[in-house]
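J.: Chain by chain, the residues run as shown.
Number of protein chains: 2
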Amino acid sequence: MKLYDGGKAPNPRRTRIFLAEKGIAVPTEQIDIMKQEHKTAEFTARNPLQRVPVLVLDDGTCISESIAICRYFEALRPEPPLFGQGALEAAMVEMWNRRAELNFLFIVAHAFRHLHPAMKELEVPQVPEWGEVNKPRAVDFLRIIDRELADREFIAGDRYTVADITAMVGYDFLKVAKIAVPDELTHVRRWHAAVSARPSASA
Amino acid sequence: MKLYDGGKAPNPRRTRIFLAEKGIAVPTEQIDIMKQEHKTAEFTARNPLQRVPVLVLDDGTCISESIAICRYFEALRPEPPLFGQGALEAAMVEMWNRRAELNFLFIVAHAFRHLHPAMKELEVPQVPEWGEVNKPRAVDFLRIIDRELADREFIAGDRYTVADITAMVGYDFLKVAKIAVPDELTHVRRWHAAVSARPSASA
Numbered sequence: 140m141k142l143y144d145g146g147k148a149p150n151p152r153r154t155r156i157f158l159a160e161k162g163i164a165v166p167t168e169q170i171d172i173m174k175q176e177h178k179t180a181e182f183t184a185r186n187p188l189q190r191v192p193v194l195v196l197d198d199g200t201c202i203s204e205s206i207a208i209c210r211y212f213e214a215l216r217p218e219p220p221l222f223g224q225g226a227l228e229a230a231m232v233e234m235w236n237r238r239a240e241l242n243f244l245f246i247v248a249h250a251f252r253h254l255h256p257a258m259k260e261l262e263v264p265q266v267p268e269w270g271e272v273n274k275p276r277a278v279d280f281l282r283i284i285d286r287e288l289a290d291r292e293f294i295a296g297d298r299y300t301v302a303d304i305t306a307m308v309g310y311d312f313l314k315v316a317k318i319a320v321p322d323e324l325t326h327v328r329r330w331h332a333a334v335s336a337r338p339s340a341s342a
Numbered sequence: 140m141k142l143y144d145g146g147k148a149p150n151p152r153r154t155r156i157f158l159a160e161k162g163i164a165v166p167t168e169q170i171d172i173m174k175q176e177h178k179t180a181e182f183t184a185r186n187p188l189q190r191v192p193v194l195v196l197d198d199g200t201c202i203s204e205s206i207a208i209c210r211y212f213e214a215l216r217p218e219p220p221l222f223g224q225g226a227l228e229a230a231m232v233e234m235w236n237r238r239a240e241l242n243f244l245f246i247v248a249h250a251f252r253h254l255h256p257a258m259k260e261l262e263v264p265q266v267p268e269w270g271e272v273n274k275p276r277a278v279d280f281l282r283i284i285d286r287e288l289a290d291r292e293f294i295a296g297d298r299y300t301v302a303d304i305t306a307m308v309g310y311d312f313l314k315v316a317k318i319a320v321p322d323e324l325t326h327v328r329r330w331h332a333a334v335s336a337r338p339s340a341s342a
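In the order they appear, the protein sequences are chains A and B.
Okay, so the first sequence: first residue is 140 according to the working numbering, each after it adds one.
Okay, so the second sequence: first residue is 140 according to the working numbering, each after it adds one.
Think of the hints as simulated: they come from the structure by calculation, not from any bench.
Wrong hints could be hidden among the right ones.
Unchecked claim - Residues from chain A that keep clear of chain B, each with C-beta distances beyond 10 Å, as calculated:
{"id": "1", "residue": "187"}
{"id": "2", "residue": "195"}
{"id": "3", "residue": "226"}
{"id": "4", "residue": "238"}
{"id": "5", "residue": "269"}
{"id": "6", "residue": "341"}
As the list claims (entries may be wrong) - To give an idea of the chain B side of the interface with chain A (calculated C-beta under 10 Å), a few residues:
{"id": "7", "residue": "232"}
{"id": "8", "residue": "253"}
{"id": "9", "residue": "272"}
{"id": "10", "residue": "274"}
We put the beta carbon where it would ideally sit given N, CA and C, even for glycine.
Based on the sequences and whatever the hints tell you, model everything.
T.: Quick look at the structure:
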């Protein structure tokens, strides 16, 4: 088994944090996106969509998409449960993880990729107007979860789940996307300090 | 239990097709997005992100996000399995469903929402340049799955799964987004005819 990882990029980081929470170590090779190593013929054979991370199993089967890799490990090692247990909790975790992706992490990523000069050769073409549209939307989502976090400890409920991983990675990505967190969002700040203090956050 | 549904919109349709494949009937109320019924205070209390569909359980718990609702029903009624069985198949279905969302259905939706005059009051602001950028990307994905479908019957493997639902809904959305399917993609066309012939497709 081998994990093709992607350094600082947010999606590979989600998988690394997930593995750290599970206490799973996987042999890893770094793919340098800035050098476009994810676009070589060799890497494209592993993932035709040219994205990291990719997990290659011993029989050569390739699993891409961060969350698909996380689900694979959740099935192999169910404890601690990071996708919820039982029909309802699993649905709530799926709901919050998707909200945190579609309305936050991916939004922040659009703002970064379409506006940052360093992304000029990776995001072709950059559409700066689209980047600007997304900046306030990331803050809109933080306001929504600030209200939610007034009543509970974590994004999807009373325990840490993959939804916290997605939201934390999105939050940490705000800085490079030049999006400021309003001071009054105290519940979000409390939550972010708590999840950032976990050993997995440095993975 | 009640499902707040959203008519012709692609995400609510995914959930309806899923329920039809499972043989599950749920009392339904239509929310008219064109009349902005998803933005009322009453609906916002069910989903602060103002999206359909939303499933409301008998105790008032609200589950939103199409795929979260689908997973809830998969847990309640596992047969036929539409999210895969076992660690590897579940990971492959998750991978393909996400690819079909992120690189196809959502791409087609961006092209439609940012370019179609009917979306002017729902997608604010429309960024036509962003809409145009996405049109060829939807076709790029079809070329990738055409190669995959040369060797197997369905998107994620040898059986019909939620990934076929997502990809079919995306495919049917191409017309309104004014994106043409190249004639040479014969495997995709064969697959689309097959999944469209299932009774669930008219749900």
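J.: I'd like to know which numbered hints this structure contradicts. Please list them from smallest to largest.
T.: 1, 3, 4, 5 and 10
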